[in-house]
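By my numbering, the letter at position 10 of the sequence shown is numbered 267, and the numbering carries on one by one without gaps.
Among the hints, a few may not be true.
Computed list of lysine-lysine pairs in DSSO-like fashion (alpha-carbon distance at most 30 Å, straight line) [what the hints assert, rightly or not]: (1) Lys345 - Lys388; (2) Lys341 - Lys388; (3) Lys395 - Lys345.
These are calculated hints, taken from the structure and not from any lab test.
Remember, it's a predicted structure, so these values are computed and weren't measured experimentally.
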Amino acid sequence: MFATKNRITLYATTLVAALLFTASASYGQTGSLLGHVTFSTDCGFLSGVGSGVGVGITFDGTNLWYSCYNSKNSSDPNHFDLHKADPKTGGVIASYDVAGGMGALAYDATRNVIWAGEGDGVASNQGVVIKIPLDANKNVSGPYQVAFAVPEAFASPSSPQDIVDGLAIDNATNTLYIHYD
258 MFATKNRITL YATTLVAALL FTASASYGQT GSLLGHVTFS TDCGFLSGVG
308 SGVGVGITFD GTNLWYSCYN SKNSSDPNHF DLHKADPKTG GVIASYDVAG
358 GMGALAYDAT RNVIWAGEGD GVASNQGVVI KIPLDANKNV SGPYQVAFAV
408 PEAFASPSSP QDIVDGLAID NATNTLYIHY D
């Protein structure tokens, strides 16, 4: 007969072998598509006024907001660099000319502001994060403010193509995460 210690080891080994033998390979599950929207206003590419590159997108609980990398500050109706849109239809509700071009966006519900990274806008907005205040109806309520500089944006050498292409807000820790290109 086996000693008790050896029996436990044998049972444990048999159990593990049985579990491994019957286990199938597991793969990551592809997520479900929750929705798709095509915005009614592009970022100026079709009119030749901007780059056509939409960079940032954020959701304020009601609306989708998206930014355009380069809007060239012109009188063309497609030159705006910040758009508020209906998340179901893609219809643009409002458009704003904030900085001539913006990168990533993050909605901060605690402060009711949109944080915007630099895009290819005016030179004074290169290497910065912009704070855009909203009113109770989620409309831009005043002029934007340069919140702080991001000197790392010029770390690989200085270029007008540097862009803050990732922003995320953690309201629990009051932290704004920044990724620059």
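Exercise for the section: With a cut-off of 30 Å on the C-alpha distance, tell me whether Lys341 and Lys388 pass. Expected result: It holds: about 16 Å lies between the C-alpha atoms, which stays within 30 Å.
Handout entry: Given pair status - Lys345, Lys395, alpha carbons within 30 Å
Key = holds, 17 Å
Handout entry: Restraint status (C-alpha distance of Lys345 to Lys388 at most 30 Å)
Key = holds, 26 Å
No hint from the list above goes unmet by this structure.
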